[in-house]
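K.L.:
Below, each chain spelled out in residue letters.
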Amino acid sequence: MEKTVYSYIKAMRDIIVENKDFLTQLDAEIGDADHGTNMARGFNAVVEKLSEEDLDLKNVLKKAGMGLISSVGGASGPLYGTMFLKAANVAVDNTMDPNVLCQMFKAALDGVKERGKATKGEKTIIDAMEPAYEAFVEVIDSGGSVQQALEKALEAAKEGVEYTKTIIATKGRASYLGERSIGHQDPGATSFTLLLESILKNYMK
Amino acid sequence: MKKLINNPENAVNEMLEGFVKAYPQYVKRLEDLNVIVRSNPKTGKVALVSGGGSGHEPAHAGYVGEGMLDAAVAGEVFTSPTPDQVYEAIKAVDNGKGVLLIIKNYTGDIMNFEMASDMAKDEGIEVEQVVVNDDVAVEDSTYTTGRRGIAGTIFVHKIAGAKAEMGGSLQEVKNVAEKVIKNVKSMGMALTSCTLPAVGKPSFTLGDNEMEIGIGIHGEPGTHRDEIKPADEIVDELLNKIFDNLKLDSGDEVAVMVNGMGATPLMELNIANSRINDVIVNKGIKIVRTYIGNYMTSLDMAGFSITLLKLDDELKELLLYKSNTPALVQF
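Those protein sequences? They're chains F and B, same order as listed. In this text, residue positions in the first sequence follow our numbering: the first is 1, and each later residue adds one. In this text, residue positions in the second sequence follow our numbering: the first is 1, and each later residue adds one.
These are computed hints drawn from the structure, not numbers from a lab. Mixed in with the good hints, there may be bad ones.
What the hints assert, rightly or not - Calculated pairs, DSS-like style, for lysine-lysine (alpha carbon to alpha carbon, straight line, at most 25 Å):
#1 Lys182(B) <-> Lys117(F)
#2 Lys158(F) <-> Lys201(F)
#3 Lys2(B) <-> Lys20(F)
#4 Lys121(B) <-> Lys113(F)
#5 Lys310(B) <-> Lys283(B)
#6 Lys97(B) <-> Lys179(B)
#7 Lys322(B) <-> Lys286(B)
#8 Lys121(B) <-> Lys62(F)
#9 Lys63(F) <-> Lys91(B)
#10 Lys165(F) <-> Lys117(F)
#11 Lys247(B) <-> Lys316(B)
#12 Lys20(F) <-> Lys201(B)
#13 Lys165(F) <-> Lys201(B)
#14 Lys201(F) <-> Lys3(F)
#15 Lys201(F) <-> Lys106(F)
#16 Lys120(F) <-> Lys158(F)
#17 Lys63(F) <-> Lys121(B)
#18 Lys121(B) <-> Lys117(F)
#19 Lys165(F) <-> Lys152(F)
#20 Lys20(F) <-> Lys3(B)
On a predicted model such as this, the values are computed, not experimentally measured, just so you know.
Looking at chain F on its own, in the form it has when it is part of the complex (with noise of 0.2 Å):
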C-alpha cells in the first residue's frame, strides 16, 4: 500500500471540514441544522488523535471509529462509528487486497444497517452506501481494478443522493416532515459520498 490509511483520514477530514457548511445547511431543511458541524467536530477530533506514525489499518480504522463515536453525538457518530469498527473487525493487517476492501464495505454497511435499522428507500445514508456498495463489488468481481471499483462506488453513491431528493424520509428526523422532506437531499448520503469522493482522490494521488 503506498498511501498510508492516516492520509486517507485525513482527506476524509478536510472534505468534511471543506463541506461544513454545505452539510449543515441540508441538515436545516430537514433536521436540525448540525450535521456539518457535528462531522467536522468528529474528524478533526479523530486526526488529532492519529498520527503519521500509525500505519496499521485495523488499529487507525478502531481509532477512528471510537473517535466518531465519542465525539460526533447525535446520530451520525454511532453510524459512522459503527462504519469505521465493522471495517476494522475485518481488515487483514495493512492488506488492500480488493476482495478483503469488499469484506470491509460489507461489514461496514451491514454495521450501519443494523444500527440504524434501516434499509434502502428511506432516505438515508443507506440510500448512498448500498448501492455503492454493490457498484464496488461488481467491478472487483469482474476483475476490474480498486480505482475502477472506487469510481463506480462513487458515481453510484451520486445516484443514491439523487434518489434520496425523490422519496420521503420515513427514519431519522427528516421523517417528522413527512411529504415536505421530498426535494431535500438527505445529508447523511452526502455526507457519505464526500468520504468516498476523498478516498478515490487521495488513492489517485
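Guided by the hints, dock chain B onto chain F, whose structure is given.
P.N.:
Frame of chain F; chain B shown alone:
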C-alpha cells in the same frame, strides 16, 4: 447573529460551568465530562438518568435534584450526547438499585443511550430505559421513527423521580414512567425560528405574518405553515390535535404544561393558558395543576407547546410529591 456567547464551540461547556456555579447546593459536574449529578446524592434508590442535546435549558440539568433526576447528560447543541458520556453518568449514579434511562424519541438519542446501556450492562449494572414520544404533531406509524419526545418529558422526570424517591423498585419506576408516557400528549408551534450558536443563522425563516405549526424542539420545520392568528385560535388548534390523541371524559383529571420555547414572554404564555384552562374546564375536566414557563426550550425560538397529562390516583400523588431542583421546586 447576536448572542451572549464567547465562542460557539465552547458554549455548552461554559453554560454548564455557569450552571454548577449558580447551584452548588443542588448539583455538581463530573470532572472533564458534560454530566451533571446531584451534589448530595441519595443512596439506596433507583437512579434516573436523562439527557439529550443542549439548547433545551433548563432541560435536562435543571431537573437534577431531589424528587427528579440523579444525572443529566448534555450533548452539543441539539445533538445527542455520546455513549461514553452517558455511560459515565450511569456509573456515577448507580448505587446498586439499578438505573432508569429517560430518553426522548430521536434516532440519535436512542442509539447513543443504547450503546451506553450495553456498556453499563457489561459491567453488571442493571439498566432499563423508557422512550418519551408525546408530540402528536407527528404521525405515529410503522413507516416513521414515531413521535418525538418534547415537553411531556418533564412529567416523566417528575413522576418517575417521585416514585424512585419513595423507594420504588427499578421495575416499578419504569412501569410508572411508561404509564406517564402513555397518558401525556403535547403539541407546539413557533412564531420565529431559532439560531444555533455554531451555525449563526436561523434554521428556517418565517414571514412577519407567518407561524409554523407542529414544530419540535430543534428548530426543525413543523408539519405546516399558516398565517398568524389570535392566541385563542392557535390554542384551539393545538388542543384539538391533543384531544384527538388523548381520550378525556368529563370528570377526568389532568395536569397542564404551557411551555415557552425560549423567547416567548410569560405574558403570552399566560394569555394562552387562559384559553387552555377555559376549554378544558368547559369539557368538565379538572385541572389538578398547571405549569407555565420555560421547561423545554428550543434556544431563542418564540412559540410554545401545550402538554396534557391524564392523571389517575397514582400519577396524581406522584405529580404532587415534592421536588427540589434548580428548575422545579414544588412542596
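K.L.:
Give a verdict on every hint.
P.N.:
Hint check results:
1. Lys182(B) <-> Lys117(F): OK: Lys182(B) and Lys117(F) at ~24 Å, within 25 Å.
2. Lys158(F) <-> Lys201(F): OK: Lys158(F) and Lys201(F) at ~15 Å, within 25 Å.
3. Lys2(B) <-> Lys20(F): Holds - the C-alpha atoms of Lys20(F) and Lys2(B) are around 22 Å apart, at most 25 Å.
4. Lys121(B) <-> Lys113(F): Status holds; Cα separation ~23 Å.
5. Lys310(B) <-> Lys283(B): Holds, at about 14 Å.
6. Lys97(B) <-> Lys179(B): holds (21 Å)
7. Lys322(B) <-> Lys286(B): Holds: Lys322(B) and Lys286(B) sit about 21 Å apart, inside 25 Å.
8. Lys121(B) <-> Lys62(F): Roughly 22 Å separates the two Cα atoms, so the pair holds.
9. Lys63(F) <-> Lys91(B): holds (23 Å)
10. Lys165(F) <-> Lys117(F): Holds, at roughly 21 Å.
11. Lys247(B) <-> Lys316(B): Holds, at about 17 Å.
12. Lys20(F) <-> Lys201(B): Roughly 14 Å between the alpha carbons, so the hint for Lys20(F) and Lys201(B) holds.
13. Lys165(F) <-> Lys201(B): holds (24 Å)
14. Lys201(F) <-> Lys3(F): holds (12 Å)
15. Lys201(F) <-> Lys106(F): holds (21 Å)
16. Lys120(F) <-> Lys158(F): holds (15 Å)
17. Lys63(F) <-> Lys121(B): holds (23 Å)
18. Lys121(B) <-> Lys117(F): holds (21 Å)
19. Lys165(F) <-> Lys152(F): holds (21 Å)
20. Lys20(F) <-> Lys3(B): Holds. Lys20(F) to Lys3(B) sits at ~21 Å (cutoff 25 Å).
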